[in-house]
Structures are given as C-alpha cells and as structure tokens.
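Once you've looked at the hints, go ahead and assemble the two chains, each given alone in its own frame, into the complex.
First to last, the sequence lines map onto chains A and B.
Taking the numbering used here, I'd label the letters of the first sequence as residues 1 to 539.
Taking the numbering used here, I'd label the letters of the second sequence as residues 1 to 447.
What the hints contain is simulated information worked out from the structure, not anything from laboratory work.
Treat the hints loosely; a few may be bogus.
[As the list claims (entries may be wrong)] Have a look at the derived ranges for each label pair, beta carbon to beta carbon:
#, chain 1, residue 1, chain 2, residue 2, range
1, B, Ala399, A, Glu366, 40 to 50 Å
2, B, Lys323, A, Arg528, 53 to 63 Å
3, A, Asp340, B, Ala399, 21 to 31 Å
4, B, Pro32, A, Asp340, 27 to 37 Å
5, A, Ser484, B, Asp25, 20 to 30 Å
6, B, Ala40, A, Asp535, 50 to 60 Å
7, B, Val195, A, Asp54, 33 to 43 Å
8, A, Glu268, B, Ala224, 53 to 63 Å
9, A, Leu192, B, Ala224, 40 to 50 Å
[Stated by the list, open to error] Output of the computed footprint for chain B on chain A, the stretches with three or more beta carbons under 8 Å from beta carbons of chain B:
#, region
10, 31 to 40
11, 95 to 106
12, 131 to 143
13, 436 to 448
14, 497 to 504
[Unchecked claim] If the Cβ cut is set under 8 Å, some of the chain B residues that face chain A in the computed set are:
#, residue
15, Ala8
16, Pro31
17, Val41
18, Arg88
19, Leu246
20, Thr254
All of these numbers come straight from a predicted model, not from anything done at the bench.
Yeah, the Cβ is synthetic: ideal placement off N, Cα and C, and Gly gets one too.
Listed below are the residues making up each chain.
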Amino acid sequence: MSVVDRPPAADASGRGAAFASPEAGDELRIVEPLIFAASAPGRRAVSFPRPSEDAREAATGQPALPGAALRTSALRLPEVSELDMLRHFNRLSHLNHAIDLGFYPLGSCTMKYNPKVNEWAAARPGFAESHPLDPAAVSQGSLELEWLLAELLKEISGFGAVSLQPAAGAQGELTGMLMTRAYHRSRGEGELRTRVLVPDSAHGTNPATASMAGYETVTIRSNERGGIDLGALREALDDHTAALMITNPSTLGIFEDQIDQVIAAVREAGAIAYMDGANLNAILGRFRPGAAGFDVMHFNLHKTFSTPHGGGGPGAGPVGVSDRLAPFLPGPLPLLAAGDADEVRRNAWAGRSTPGSRFALEERGERPTSIGRVRAFTGNFGMFVRAYTYIRANGDAGLRAVSDDAVLAANYLRVRLADAYDLPYDRVCKHEVVFSGRRQKREHGVSTLDIAKAILDHGIHPPTIYFPLIVEEALMIEPTETESLETLDRFVEVMHAIARQAETDPEAVKRAPLTTPVGRLDEAGAARRPDLRHDFDAA
Amino acid sequence: MAYTPHTAADHERMLDAIGVTSIEDLFADIPPAVRADAFAVPPPLTEQEVRNDVARIAGRNRIPEISFLGAGAYRHLVPAVVGEVIGRSEFATAYTPYQPEVSQGTLQSIYEFQSLICELTGMEVASASHYDAATATAEAALMACRLTRRNRVAISSAVNPQVRQVLATYCSGPGIEVVEVPADLAEGGSGLTQVDGAQRILDGSVACLVAQQPNFFGGVEPMAELGDAAHAAGAQFVTLVEPTSLAVLAAPATYGADIVTAEGQPLGIPLSFGGPYVGLMAARMASVRQMPGRLVGATRDAAGRKGYVLTLQAREQHIRREKAASNICTNQALCALAATAYLTAVGPAGLREVAELSMTQARHLAAALEERGLGERRLGAPYFAEVAVRLPEAGRRHAALAERGIVAGYPLWTHYPELTDTLLLAATELTSDEEIGALVTALEEVA
Numbered sequence: 001m002s003v004v005d006r007p008p009a010a011d012a013s014g015r016g017a018a019f020a021s022p023e024a025g026d027e028l029r030i031v032e033p034l035i036f037a038a039s040a041p042g043r044r045a046v047s048f049p050r051p052s053e054d055a056r057e058a059a060t061g062q063p064a065l066p067g068a069a070l071r072t073s074a075l076r077l078p079e080v081s082e083l084d085m086l087r088h089f090n091r092l093s094h095l096n097h098a099i100d101l102g103f104y105p106l107g108s109c110t111m112k113y114n115p116k117v118n119e120w121a122a123a124r125p126g127f128a129e130s131h132p133l134d135p136a137a138v139s140q141g142s143l144e145l146e147w148l149l150a151e152l153l154k155e156i157s158g159f160g161a162v163s164l165q166p167a168a169g170a171q172g173e174l175t176g177m178l179m180t181r182a183y184h185r186s187r188g189e190g191e192l193r194t195r196v197l198v199p200d201s202a203h204g205t206n207p208a209t210a211s212m213a214g215y216e217t218v219t220i221r222s223n224e225r226g227g228i229d230l231g232a233l234r235e236a237l238d239d240h241t242a243a244l245m246i247t248n249p250s251t252l253g254i255f256e257d258q259i260d261q262v263i264a265a266v267r268e269a270g271a272i273a274y275m276d277g278a279n280l281n282a283i284l285g286r287f288r289p290g291a292a293g294f295d296v297m298h299f300n301l302h303k304t305f306s307t308p309h310g311g312g313g314p315g316a317g318p319v320g321v322s323d324r325l326a327p328f329l330p331g332p333l334p335l336l337a338a339g340d341a342d343e344v345r346r347n348a349w350a351g352r353s354t355p356g357s358r359f360a361l362e363e364r365g366e367r368p369t370s371i372g373r374v375r376a377f378t379g380n381f382g383m384f385v386r387a388y389t390y391i392r393a394n395g396d397a398g399l400r401a402v403s404d405d406a407v408l409a410a411n412y413l414r415v416r417l418a419d420a421y422d423l424p425y426d427r428v429c430k431h432e433v434v435f436s437g438r439r440q441k442r443e444h445g446v447s448t449l450d451i452a453k454a455i456l457d458h459g460i461h462p463p464t465i466y467f468p469l470i471v472e473e474a475l476m477i478e479p480t481e482t483e484s485l486e487t488l489d490r491f492v493e494v495m496h497a498i499a500r501q502a503e504t505d506p507e508a509v510k511r512a513p514l515t516t517p518v519g520r521l522d523e524a525g526a527a528r529r530p531d532l533r534h535d536f537d538a539a
Numbered sequence: 001m002a003y004t005p006h007t008a009a010d011h012e013r014m015l016d017a018i019g020v021t022s023i024e025d026l027f028a029d030i031p032p033a034v035r036a037d038a039f040a041v042p043p044p045l046t047e048q049e050v051r052n053d054v055a056r057i058a059g060r061n062r063i064p065e066i067s068f069l070g071a072g073a074y075r076h077l078v079p080a081v082v083g084e085v086i087g088r089s090e091f092a093t094a095y096t097p098y099q100p101e102v103s104q105g106t107l108q109s110i111y112e113f114q115s116l117i118c119e120l121t122g123m124e125v126a127s128a129s130h131y132d133a134a135t136a137t138a139e140a141a142l143m144a145c146r147l148t149r150r151n152r153v154a155i156s157s158a159v160n161p162q163v164r165q166v167l168a169t170y171c172s173g174p175g176i177e178v179v180e181v182p183a184d185l186a187e188g189g190s191g192l193t194q195v196d197g198a199q200r201i202l203d204g205s206v207a208c209l210v211a212q213q214p215n216f217f218g219g220v221e222p223m224a225e226l227g228d229a230a231h232a233a234g235a236q237f238v239t240l241v242e243p244t245s246l247a248v249l250a251a252p253a254t255y256g257a258d259i260v261t262a263e264g265q266p267l268g269i270p271l272s273f274g275g276p277y278v279g280l281m282a283a284r285m286a287s288v289r290q291m292p293g294r295l296v297g298a299t300r301d302a303a304g305r306k307g308y309v310l311t312l313q314a315r316e317q318h319i320r321r322e323k324a325a326s327n328i329c330t331n332q333a334l335c336a337l338a339a340t341a342y343l344t345a346v347g348p349a350g351l352r353e354v355a356e357l358s359m360t361q362a363r364h365l366a367a368a369l370e371e372r373g374l375g376e377r378r379l380g381a382p383y384f385a386e387v388a389v390r391l392p393e394a395g396r397r398h399a400a401l402a403e404r405g406i407v408a409g410y411p412l413w414t415h416y417p418e419l420t421d422t423l424l425l426a427a428t429e430l431t432s433d434e435e436i437g438a439l440v441t442a443l444e445e446v447a
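So here's chain B without its partners, still in its complex pose (with noise of 0.2 Å):
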C-alpha cells in the first residue's frame, strides 16, 4: 500500500524541471562507503492483509475478563463522546500551534485544560503536558532545584516505584543526588510515609520533597505535616497525585504543595499498555519561569478579538537553547484534550461519582476478602481506592487466577521485598459487584 499519489508522469515532469535524469542523481551526495542500497523490510501489503496481520498479534493479547490490576494505570470508563472529541483529524493531524490565527481549536483547548488542571489541584498554573507522571515528577524535582538552587531530592518509598526509577534517571544526568523517605511497612504499619523519617532527612541541601497522594499502597498520607516538613527546611514540596481522587481528596494547594503532578490517564485514555498517557504539572505563579513544557495565554488581536497563543516562551529549548528550563519539545497534546473533554463530559458531579464509587468498590472488595478470611489488610492506613492485601501463596494464586482471565492486582512483593503475598488491589467505578464475587470464589477454588 503507498501513500505518495506520483505518477509516472509526475516523476517526469519533476525530473524534468530539477534538470536531472533520476531520482538517483539525487541521493549522489551520501558518500559511496556509506550508501545503502536495500534493507530487509517485508514487502508492502494491502489494506486487506495488514489489517489480518495487526487483528492476528492484538488477537495474542488474552484481555482478562476482570481486573484488580491498578499500579499507575487504571481501567476507567471512557466515555464515548471522548473518543470523537479527539478523533476530529482537525485535532489529530495538526501539530504544535506555532501558527496561532490557525491554530485557535488547539490553543484554547489547552488554555482549558490548564483552566481545569488549575481548578482540580487549586494551583495557579498548569502546563500543556509532559510524557506521564513520571517524567513529569522528574521535571518537577529539577523545577525544585533550580528554585532553591539546591542538588538533592528526598522521595517517599511509597512513590509508585517506577516513578523513583525515572526520577533516578534523570537526576543522574546533572548528579543530583535523590534520597528516599522511608513508608512505615513494618507488621502492623501504616504504610505511609514516615514524617519523623523525613523531617531527619530534609535539611538545608535538599531541594524538594516528592510524596504521593493516594500513596502507591492507595493510603491517604498526612500532606500537610509532610508539607510542613518540607517548608521547614526550606525546600519544595512536590506532590504526585491521582486526578479522579481530587474530587474527594483536598487539593494539593490546600496543603501547601509547590509543584503538582500527576498521571492524566484516567481522565479517559485508554489503557493502551503503558502508553500514549499524558503527565500534568501544576505550580505556582512565582515559579513560572523555571516551569518546563509549554504554556498557552489568552491575548487578543488588533482588531480586539481574544485569542490563544504560546507564551513565555523564553523557558524553552528552541529559544534557549542549552540554557532552557527542559528540552521537551513534542508532549502529548492529544492525550491533554482526552482529558479535557473527559473533565467536561463529567463534571463535578460525574468524577465524584467516580472517585466515591471506586472507593466504595474497593472497600467493598477488602472486605469481602476479610470476611471470608481469604486475606488481610497488609497496611493499616485509611485507603482511596487500591488496598495492599496479604494472602497466603499469594504468588501462586495470582498466576493460576491469571490463567482464568482474572488478575488479581499487583504483586508489591517484586518492588517491597517486606511485603510477601501482599497483593495491591484496584477498584474503579467499573469494578461491579459480580467482579468481586467471582474473584472471592476463584481465590477460594485456588486456595
């Protein structure tokens, strides 16, 4: 199948007037030692086959019928009229609004989503978007040592984990030293992190603390007296939260955070294994210019007419160039409009229906658990909507509910070498009550 619509014709014609005889002539100039002349590419097909080709590999894929699976990447409703919102090819096949008189739709879909992203994290300014949460924690950790003009990061073992990894990468670079809180997972612990653990840990060189709320464990951590830690040693207080549980859950500026993050992807992207998701970050005015990743301002046109354009532009790579705030460039836009429309779609009173039907859902499901004795709650801290539950050979158990189609969460042993046969269990509003019977009966026909 090709793409390009020249006919032979046409490759005359254009021959014709460069004034050369072939299209070789104009690849003369890669030197002879390095020319190629083939590579082993499978030859093209047509619609018909690759079509076959992509229905037999995603057909590999074993979708689980029911999933507690959580961990970062949660299984929302998307709703349907998200999906056209962002399937308009005005949206998709456009790209960065260098040209704002042609780019308005894009512009002010992104002064929205900032708008929203203000709103739900109750800071004063949000960004167009970063890769995912992870690297935009990463981002925000070297936001907080440009501000504070310090090189260590202290973070909470009870950040998702891959969160850490990637934080780790990218401090590695400039030889930022990061520094992990420890979470409380002692038998009988809360499984938050440790505020006394911090407050010896922040002193004058650490330029931010990062906490997550809900924690990875799902617990509800003490922001403000983490927060306070943080401000008392004059560093940042950098906080990676949930967006569906912000509706329940106080915003992160009610408690002082400095800089929000967050993963997007339950705001109506699919799950997609692992990817396009889209990472938020939030901050305050003061720190703008040391913000990474674009911003979009309303403005107006000579003839008074309000318009969206990129502005302050000065933080970024292809104005600053090896003195920009980030190198990010492409983010993903398109994945920020998802959760605008998303946002829009439910409204105040759709993403509390969410967040208090997930919490429900997972309550519902521990103690369903509890009752018929199958586990115990690992960590004793009050959950949002994910709960570490012991259970005996929970390992075992977790494969051969696997090979039934049902995945029975996240195994936190391969990550918290203290927490054997815990298991992280996810609920959504789409966890429906049938899901957990048939999960209760499947441990027990396993047990």
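So that you can see chain A by itself, here it is in the shape it has in the complex (with noise of 0.2 Å):
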C-alpha cells in the first residue's frame, strides 16, 4: 500500500479536475460513470498463464467437484482495459478530500499528516511477503515488530501488557470490556455486575459496545464545566457496575481535571477503569494512563501514530492492560522467547539485532484465561510498521512535540474563533475545541449542517459536526500538530466569513456548497428507497 503522491489536474476552482460540469441528457446526470459503463465482453486488464500439460493430465486423476457444486449463474464483473480502469479510479479520486489536498479539521478523527516512509516501510517485501501462518523460524522480523511495538506503546502508556490484535478502535473497546466480564467472573461476580457507566459526551461505539459485551449502559450526565459530574458517578457507582467508559481528554477537547479521583471512584467500587484512547494525541508524555490507575485502553494507531485512514480503514486499535487484566488478554501474544528483554530493547532502540534472542507466539491453550481470538491472526500488521515506524521517527522528544502543537494550534482556534461562535466550554482545550453554531441557527436561521457545507466551498473539510451530542448546533474541531500556522489563519478567515455571510445573506450560507462535484445529496430519499448496487439486468 505504498501512497504515491501525485496532485490532480487542478481547474481554476483548484479542485480536480473532475469538477466539470455533468453532461446534460442523462436522466440523472452523472459525474463518473460507473466502472460497468466501461465493460464490453473479451476486453481485460490482467491475465493469467495456462496449467502445463504436465499438471493438466496429474489432475485428471484427482477428484473431480460434482455438477450441483458448480456455478451456473452469471458472473458479470466488468471486462475492462488496464487504461481504462484506472482512468476510471484515478478520476474517482480527484473527487476526494483527503490530508494529502487539504485541511481536515475533523473532530476526533485525528486527520494528520500520514509521513511517507512509513508507507516504504510497509512496503518491504520482508513484511509484505510474510505468512501469518509461517513458522516461527522464518518470522523472526514480523514477530520482532510486533514485540517492540507492543514495547514502545506500553511505555508510552504505562501499562503493564500490550495486546495489538484489535483491528480497529471499537475492537479494542470491545476487547476491554469481554476482559472486564472476565476479570468479574474470575472473582465470582460475573452475574453480580452488570452495568457499564458511560459518560453523556461518550462516543457512540462505547454504549454500542457495551450492549455487544452483554451490558447494560448508564449514562452519566457531565458537569457544567464539560467534565464528568463526580457527584453523579459516585451515586451510580455499587456493586453491580462493571466498568466505568470514559474517553479523556474528552469529546469537548477537554482533560477532566479530577481524573485521580474519578480513577479511585471505580477503582474503589471494585469496577474496571476503561479510558478510550481515541484522543491520546493530545497527552503524549504528559499523561500515561496506565501509571496514573487505569485498566485497559485502546490505542487508535490510525490517529496518534498516524497510520493512513483509507477512506474509514483500515485502523489498528491494540490494547493495554493493567496487571490485574493481563491475564484475560487475547492471544496470541508475541513474545521474547529467548533473550533478555533489557538487552533486546537496548540494541534494538540502538538499531542491533541481539544474538541468540528468539521471538515466538503464544501457544494456542498456553494462557487459559484469556478471553480468546478476537480475530483472525495477530492484527493489522501493516498498520503496526507504519506506526513504529512513526514512533521511532520521532522519538520521545518528537512524540512530546506532537502533543504540544496538537495542543497549541486547538487553543489558537479557540481563542481566534471565540468572537464568532459561541463557546460552550469556554476553557484551556486540549486536542480539539468544540463550538457551538446555535446563535447563527437562532439569530439567522443558518444551521451547522449549513456552516460546514459553505466551508466545503473554500476546500477544506469541516470539522465533525453535531457531535458531541451534549453540545447544541456542534463544531468540533481539530486541527493536529502538523497544519502550519497559515493554514490555521486562513481557516480562522474562512470560519469569520462563514459567520459574517450567515448574518448578511443567509440564504447564500445554505445554497452551498457550489464547488463541489456533487450538491447537497437527498439523503433521506437514498435510505427510503435503498439503491444499493449496480442492476445488471436493467443495464
């Protein structure tokens, strides 16, 4: 998956040049054609060589399948030429937004730069070529990432134990709370405790996921000042309360400044300490969680340790673990099977291999507490090169770097924007800052949805929008580490604008966008009447 760099064709809007306008006539007027407009029979892109006669006469002697196994339907994929295929999605591309294009305030998504090697890295045949189910003996090096890797995130952490197969963030949470479940059993309150705690400014998976582990979720409401109401979490904490869900710093961007006490709180209520680690990248070396108390969290590798987001995946969202979780972690683990662990890390930080060190897997049964597979193999692999290698390119100075401009750029939008939205939360921010759009919805009529359309037309992603849910009309913006700071100006300038235009001429506010490919789509009729394939036969 290496990213070759390459602009589109720009027209004067600086977009792709895809923007063009759709051609008249078509009923529905189409931007790009689908990829089966282009097919006609025979034409192909790739083919492949023909058995010998050799293996064609050894195989008339095996098995042959029987006639009711074999297809008889049709199989219409397009028959295409290698030119027009990727004509067909390289076109398709210019009408994306992505990092690589532009400004990508996304709230919570953590859109930062994806630094190229770490696609090189990825790319190396050694790890490309590589079997997960290949002997030990021939994977030492994908064995020796994933061990270092885990490494690395348990000290940035400060947890005790690392496991990296989540395939995504919502698996990691997932992964949390089947080992809460199986830390209360092993203490015999498995029946006992059943509800999760989530906060009111959690993100939508952490309920989602708590229903899917089998509990029951209580929300509970935050504080004025945008942080959990310890008041309340300490009346719903008893002994039925399996884990508390807290994302911190939260969705409002904000660090709970009483997260010792909530920490203790849980812990006290012999409850699980769950931290969704989905806004680390505002904390690193500031704040590990795992030394500061709590259970388990996931690692979003395709936010903090900039793994590409690829259009909604693949992600990575390993695990850590405190010691009393450890032993429920999925398997298999990597492990040092031979050598000491202070010395393989020692020459590895140092760029050696060490002689005689050995990696291996877990044996399958080898750790019976744990609560299993939770999927196949031993994670998103090629994410883990390209985050370990975006660590180790920055190294401890450059990872604290990270923090601090993430921080930095948040709180310069804070303050610049403050005169033109109105702020819910109007304190220091951490990764993000949420405004609000209500005064321009009440005051004029133009609504977030409006504001983020209008701000498509100046070729920069709006942030998240209504979410989180606890903030009315909301904004939530995160500009990361890497935008420089004229991008941000230029940003402040559009959002000014926005706002100005919202009072002078609404109605323009809510026409856009105008520059994109495609205008407001009718969302509401795509889910009543679902079109959701290609209809061959009416082709």
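Below is the structure:
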C-alpha cells in the first residue's frame, strides 16, 4: 500500500479536474459513470498463465467437483482495459478531499499528516510477503516488530501489557469489555456486575460496545464545566457496576481535571476503569493512563500514530492493560522466547539485532485465562509497521512535540474563533475545541450543517458536526499538530467570513456547497428507496 | 524527524494569542499526582536511520522461496494496477465519507464494491466491509440471533479454527451458546460436515448454521443439503466462502445462503503477516436493518446529479448507540478498494483462470505426492485448491523443509488431533510446476 503522491490536475477552483459540469441529457446526470459502463465482452486488464500439459494430465486422476457444486449463474464482473480502469479510479480519486490535498480538521479523527516513509516501511517485501502462519523460525522479523511495538506502546501508556490484536478502536473497546467480564467472572462477580457507566459525551461506539459485550449502559451526565459529574458518578457506582468507560481528554477536548478522583472512585467500587484512547494525541508524554491507574485503554494507531485512514480504515486498536487484566488479554501474544528483554530493547533502539534472541507467538491454550481471539492472526500488521516507524522517527522528543503542537493549535483556534461562534465550555482545551453554531441558528436560521457545507466551498474539510451530542449545533474542530500557522489563519478567515455571511446573506450559506462535484444529496430519499448496488439486468 | 511545521516564532505568536506564557500552561489541568514528565521512548531518528532500522527488522524475516501455506491467507498475484489505485493518497488519506459532497470517490468505489460482492455471491445487499472473515462471520452469527430471536449458534467443525475461536469470543459477551457440528474426519472419511449431525443439532433454539465452502480442508461441502437442514429448523444459513472459488463454485444465493461472509484477502491484498485484510458480508434485502457495518446508497442532488451517500445509518452506533446492530465504526475501506480494483482488473475471465489454475495445481501437487508414494490424501471429498495429505513423520519433515526455505503447508494436527501427520497444502495460480517438483524432491531427501 505504498502511497504515490501525485496531485490531481486542478481546474480554476483548485479542485480536481472531474469537477467539470455534468453532461446534460441523461435522466440522472453522472459525474463519473460506474465502472460497469466501461465494460465490453472480451476486454481485459490482467491475464494468467495456462496450466502445463503435465499439470493438466496429473489433475485428471484426482476427484472432479460434483456438478451440483458448480456455478451456473452469470458472473458479470467488469471487462475493461487496464488504462480504462486506472482512469476510472483516478477520476474517482479526484472527487475526494484528503489530508494530502487540504486541511481536514475533523474532530475526534486526528487527521494529521501520514508520513510517506511509513508506506515505504510497510511495503518492504520482508513484511508484505510474510504469511501469518509461517513457522516462527522464518517470521522473526514480523514477530520482533510486534514485540517492539508493544514495548513502545507500554512505555507511552504506562500499561504493563499490550495486545495488538484488535483491528480498530471499536474492537479494542469490545476487547476491553470482554476482559472486564472475564475479570469479574474470575472473582465470582460475573453475574453481579451487569452495568457499564458511560458519560453523556461519549462516542457512540462506547454504549454500542457495552451492549455487544452483554452489558447494560448507564449514562452519566457531564457537569457545567464539561467534565464528568463526580457526584453523579459516585451515586451511580455500586457493586453492580462492571466498568466506567471514559474518553480522556473528553470529546469536548477537555482533560478531566479530577481524573485521579474518578479513577479512585471506580476502583474503590471494584469496577474496571476503561479509557477510550481516541484522544491520546493530546497527551503524549504528559499523561500515562496506565501509570495513573486506568485498567485498560485502546490505542487508535490510525489516529495517534498516523497510519492512513484509508477512506474509513484499516485502523488498528491495540489495548493496554493493568496487571489485573493482563491474564485475560486476547492471544496469541508475541513473546520474547529467548533473550533478555532489557538487552533486546537496548540493542533494538540502537538499530541492532540481539544474537541469540528469539521471538515466538503464544501457543494455543498457553494462557487459559485469555478471552480468546478477537480476530484472525495477530492484527492489522501493516498498520503496526507504519506506527512503529512513526514512533521511532519521532522519538521521545518528537512525540512530546506532537501533543504540544496539537494542543497549541487547538487553543489558538479556540481564542481566534471565540468572537464569531459560541464556545459552550470556555476553558483551556486539549487537541480539539468544540464550538456551537446555536447563535447562527437562532439569529439567522443558518444551521451547523449549512456552515459545514459552506466550509466545503473553501477547499477545507468541515469539522465533525452535531457531536458531541451534549452541545447544541456542535462544531468539533481538531486541527492536529501538522498544520502550519498559515493554514490555521486561513481557516480562521474562512470561519469568520462564513459567520459574517450568515448575518448578511444567510440564504447564500444555505445554498452551499457550489463548487463540489455534487451538491447536497438527498439522504432521506436514499434511505427511503435504498439503491445499494448496480442493477445488471436493467443495464 | 519531526512532522510539525511550527517555528519558534510561530509558537510565540500562538502563545501570545492564547494569552499564556508557555505550552506548559496548557497542560496545567492535568492533576499533579498523575502528571507525567517523561517516558523512556528512544530518541528521534532521521529518515535514513529509521529506514535502516526497519530494513534490519524486515530482513530478519526469511520469506520462504516456496510455500504451500494457505489455511485462511493466500499468496496470489497482486496486479500492479491494484497497488497504484490504493496508493492514491486521495483515497488513502481520506476518512469515513461523512461529507458526501467531497467524498464521492470513496463513496462510489464502495457502491461498486457492494455491487461486485453481490454479483459474486448472488446476494441482494453487501456491506462496506468488516475487519476480516472471522469477525464478519461472528457478526453474521449475532445478526442471525437478532433476526431469529434465538440464542444458540451451530457451526461446523470443518470451519477455519480461527474463525470458530473468534465466533466463540464474540458470543461469550451476550451469552450465546456455540454448538459444533461434527465433520467426518474418521479414517476413510470425507472431511465434510455431517448433514445428519447438523440435523440432530438444529432445533427451534438454534439461530443459524455456519458452514464454510470450500471448508477448512479444501473440501467441497454439500451446501444445498446443509442449507435445507438449517431452514427446516427455521435457522439462518450462514456461509463462509472463498471469493476466487466463486468463479467456479455455485453462488451462495443459489444454495439458499441467508448471510454470506468471506475473507477478501485473496483479492489483491498482500499477506502482510495477517493484516490488514477485509471481511466481506452479504445478505438478503429483507434482513438489511439487522445488518452490521456501513452501507452506501445512490441518490441525487437538487440539480439531479447522481451521487452516493452513507445510508440506512439508523442501524449504526453513532445514531443508535446502545441499540446499534454492531459497534463497528472504522472498517477496512482501503482493503475493500483493493478488492474492487482487483475484481475489475481480472474480470470474469481472469477470476476463472485464477480459480481453475489454483485447482489444477492443487491436483497436480496431490498427484505428484501420491505417485511418488510420499503421501496420501487423508480426506475423501472432492476439493477446491487445498488438499489434506498424510505423510509419515510430517512434523519433522515440515520443520526440516522450513529450514530449506520450503513451507509444506499447515500442520492440521495442531487443531485436529485425529489428523495426525496430515498437512494442509494449498496451491494458487502462483504455484509453479517447478515448485511442486522441488517439494517432491525435498520430501524425498528428508525421508
């Protein structure tokens, strides 16, 4: 998955060439036809060798497939030339906004620059061609990389153990909740502890995860300062509480300034303290959740450690755990089977292999307390290589600078935009800041959705909108550390211009966007009359 | 190496604007008792140094020159054009298409992906992607429980063991019981799921029967009979399939599958030590509201232009929270794009060539081993492109061959004690006659 960085041909608007006017005449005007439109019988892009005479002859003595098992229905995959397919996908790519094209302050998603050397690293043949079931003797490199990454994540987070297996943040959450269940069960409290507490500012994945793990969710309200209401928390905690799932810094971008008391209260109630690590980018080197007393946290490697978001994945959601949850980690874990851990680490950080060291995966059944596998193999390994490369390149100083600059940028936008938009929680933020468009809505009838669409016309991806749910008309802005001051200033200008336009010409804001390949789409119609695939029969 | 652009002057200006004197002030809200001041992460590296470091580690892998290892992950040709498509940073550095006006590239490619998966499987609706086949299958079983309001799941023991382990993990939370349907692994047995065994287990409490085609041993299952057994009990028929095989084997819809899952890795995704891959899921339209994962639908804008949006989101966690069909959020979109590009590049003729060549080479391999008296097929059923071969002292010879850069498949006894000395050998279109010859020679040498 090497990234070939090639800017699309741009038209006068500075956007991709595919923004040309749609052709008239079609019932539906098409920006780029489906690939099926380019198909003609007999065309092809790739062909494969014929089997040899020997092979065919040898095969005749082997059992043939029963007729009933064979495909009789059509297989209408596209038949296209390589050039036509490449142009199709390249033209589609021009319809996307992406980090590599422009500012992408999508709150909670950490859309920072994805360094290209990480792609180089993941594409090394030694990694790309490594089969997950290869004997350990030939996979020492893959296993060493996993072990080293886990060591780095342990150090960064302050947890005693890490499993890399979960494929995404939400799966890391599920892993955490299943470990919570296993822990309580091991203490004879599996039936007793049935509830998971979730603040009202939480990501939707938190309550959805608690349900998937068989728990009932109890919502804890936030206080007027945007933090968790300690009184409400203490009231809700009892011997039916299995865990608290808390995002810190919160989805308001606010660090829980009573986090030590929150953790203490949860632990005192015999419950598990889960930290959603989606916002770890704000606190690298400043707060180590494991050292602070959390029991479990998932990392989002695609956020904090800058693996490409891929249009919606792949991510990776390793979990770090305290000693009391370590026995329950999903397996198999990569292990240092021979060698001294300190020496192996010391050598690795100096770029050397350690003679005599050997890595292995846990054997099946080696750790009977494990909750088992949460996915096949050991995880989204390609993301591990990228995250490892990113952590090594940044090093200790670089990682601290990541959080320093991310927090600085968010606070800069907080003060620069405070005159134009309401700031429901006006206090120092971390990596993101949440404004409200309620003034524009009330006074001018311009909603946050309208503001977001107007931002599109400036070649900028809008912030996350209408989240967190506790902020009316929310605009959740996460600039990240990789955007220059010039970019931040331009965003400030754009946001001010839109706020002014909302006052002077609200209808113009509601007409946005005008420069995108398509205008606002009929989402209600899409849900009412679902059209989820190409109709080959009608074509 | 730092990726932050700020100069000292930038820092000054930003701190001034904020009205604080130092960056430290911005972290003053972290309670002192839990504030960290350092961590023992090694110091920064330059690009040159980090490349050397990564090259050292990658170099410790000794990629086998010859491999017959499959068992859920397969070495196939990844056409260069597929790498080119997913390497476009407009795809790779975008995120979930929350703003459809600037995400039509991602959205339309997902719509094409859904169309291709529906065409391959014969099903009516396909989701935008899951983490891998194992999690897709586990989620399919949970979906069947919601659809039938039952809480037991039956799964064939001839389903990939890792898939069964993940299913068990997913079912442990909500307390769903998992029952295994035996496969015929006795001496002289077929290696197939026992239909009468399935019938015995399937009753009014079972939400679904999960079977794999071809099964973990490569065997071609009597899917229509298994489907009938599931339906007779009012259960859903969940089928885990191998996507390249669908050029040759019946589309799951034609044998009554209700939910289809698959591992998309063979479709243009490198082995990469197990991930990222992509789980596929397809189902009947009538079940769509219980389906987990994202869906893209076609619609139009006010000017009548066709466009694509995320749709039917009322199933999803960001809307439904604790009542969502699943917690899945980030999935494997870029890998789904690779599969879309792969299926487009190879087309129907290419996919058929891949499937047929893989089958032919698997048969060539089995015949060569039998002919030289090195081993015998352990299971009787016709197979697709993986074959279980028993040979004396398989464990020792497997290890000895690995030392020579040949991986002689997957040791089946690690999961199936009754399959002693039996290796699961896979062929793909990349398996050459010379590699088969080299395996035969090497096995003779380590006899």
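TODO: Against the structure, test the hints numbered earlier, and report the numbers of the ones violated in rising order.
DONE: 1, 2, 13, 14 and 15
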